[in-house]
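A.B. asks: Sequence:
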Amino acid sequence: MKRKIPVYQYHDAWQILARSNRDNGVFIDTASEEIMLRIENVMSRLKVMGDDDSRYFWIWAQTNNRERKWLRVRTAHYKGFHYLTLSDGRYEMAVLQNAESVYSNNKQYREDLKAPLLALEKHVKAVVDWICEDPEEYNAYVERYLPYHNRSGDIPRRVLYSIDPDWHDSKDDERLIRGLEAVKASEPSKYDKITLRVYISIWSSAFRVIARIRSEGSDDWYDKQRLNDAKTMTDIELFKRYNSKGRQVEGLDLDSEDAYEVWYGGNSAYHCMDVTYARIHLAPWRKEDSEPFRFHLYFGVYGYYDDVAKIAIALREQGITLVVDEIDSILKILRQEDMVGFRPWPDKYMDRDGVTSQMWLPHIGDVSREIYWKIIKNTTWHKQKKAWPNE
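Following this note's numbering, the numbering of the sequence shown begins with 199 at its first residue and continues without gaps.
Think of the hints as simulated: they come from the structure by calculation, not from any bench. For every residue, glycine included, the Cβ atom is placed at its ideal position computed from N, Cα and C. Wrong hints could be hidden among the right ones.
Quick list of the computed label-pair ranges, beta carbon to beta carbon [claimed, not checked]: (1) His-580 to Glu-335: 17 to 27 Å; (2) Ser-416 to Glu-334: 51 to 61 Å; (3) Ser-360 to His-580: 20 to 30 Å; (4) Asp-549 to Arg-342: 30 to 40 Å; (5) Lys-391 to Gly-501: 27 to 37 Å; (6) Lys-323 to Pro-345: 20 to 30 Å.
Work the whole structure out from these sequences, hints included.
C.D. replies: Dropping the structure here:
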């Protein structure tokens, strides 16, 4: 690269990253906001790349030992709410806001970001100038030099496991496949009405499976206590102790459909029908009032797929067949018929962005150099979305 791009010091980037609150953002002062809006204005010279009038591209910062760190800068706005994100991919993200987001329950206020934002502005302006003058050169440079850890790529799960069997931590796949195939082939259990007693009975059966799973090989006192309670408590006692809204059934008629509706209506499926807090959910559902209820087991977060499989299989063996909403995705994982996605910002939820599950690309040290380069070679890497000037 022959262009004179002002050196952006990673120390300046870290002043922003270290003051970030990834989940809820940072609410900045007026002086910092002015600089952030100037950065947004500079980036408005580029074509819009996503929702909320967002634009983004890669920049780079230099560490004290002259190592290059790649960072993605993004600006966007929506109805007067402006924000800027800065990320080095795997570890940090800063979100700077000029208004308090409705989603921010843990707000942070910062008024010490003026100097690092000025340094960022200078570098962003130079890179935007480059993109506007010669976009092909800039995009080719990024495509050539951007590290793999900052890229997205897909690899067949079967290939990944063959390269490094340590990624495959389940020794029970064949049994789970047979069990889930039986669940899928069976008629789901039907219920003409749902009362608290019916729901608690099914929920407790599922919870006892989780208690057993969590206790296997664990020395944690809570896991041991939960298993003991699962063995000794009645369904009602277990529900009141371990369901996040279980104590709210106190005083309600357990055999009344109306009482069930009162309990459910006062909460939400997200936080009263969870077998594992906010992760694995169990809910009765029917399309039409004339139809019977069926219990649906669903989750979404990749790390719980084997727990869901074990619950469904165990309950079928007890005579209760559930509808497992993600059963086809789970079977693909177990059969190794799906794709794994390496992402600089992996999503914990399943079936996003064309792959069943996402994760960070391992570093050399996490795996051997030989395994690392085999993974790189067998991964199909996505092309970077190009930053392009406005017409």
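A.B. asks: Hints first: check each against the structure and report whether it holds.
C.D. replies: Evaluated hints:
1. The hinted range of 17 to 27 Å is satisfied by His-580 and Glu-335, whose Cβ atoms lie roughly 21 Å apart.
2. Taking 51 to 61 Å as the suggested C-beta distance range, the pair Ser-416 and Glu-334 conforms, at roughly 56 Å.
3. For Ser-360 and His-580, the Cβ-Cβ distance of about 22 Å falls inside the hinted range of 20 to 30 Å, so the restraint holds.
4. Between Asp-549 and Arg-342 the beta carbon distance is about 32 Å. The supplied range of 30 to 40 Å therefore holds.
5. Separation of Lys-391 from Gly-501 is about 35 Å and conforms to the stated range, judged on CB atoms against 27 to 37 Å.
6. Checking the proposed 20 to 30 Å range against Lys-323 and Pro-345 shows it holds: the Cβ atoms sit about 24 Å from each other.
The structure shown violates none of the earlier numbered hints.
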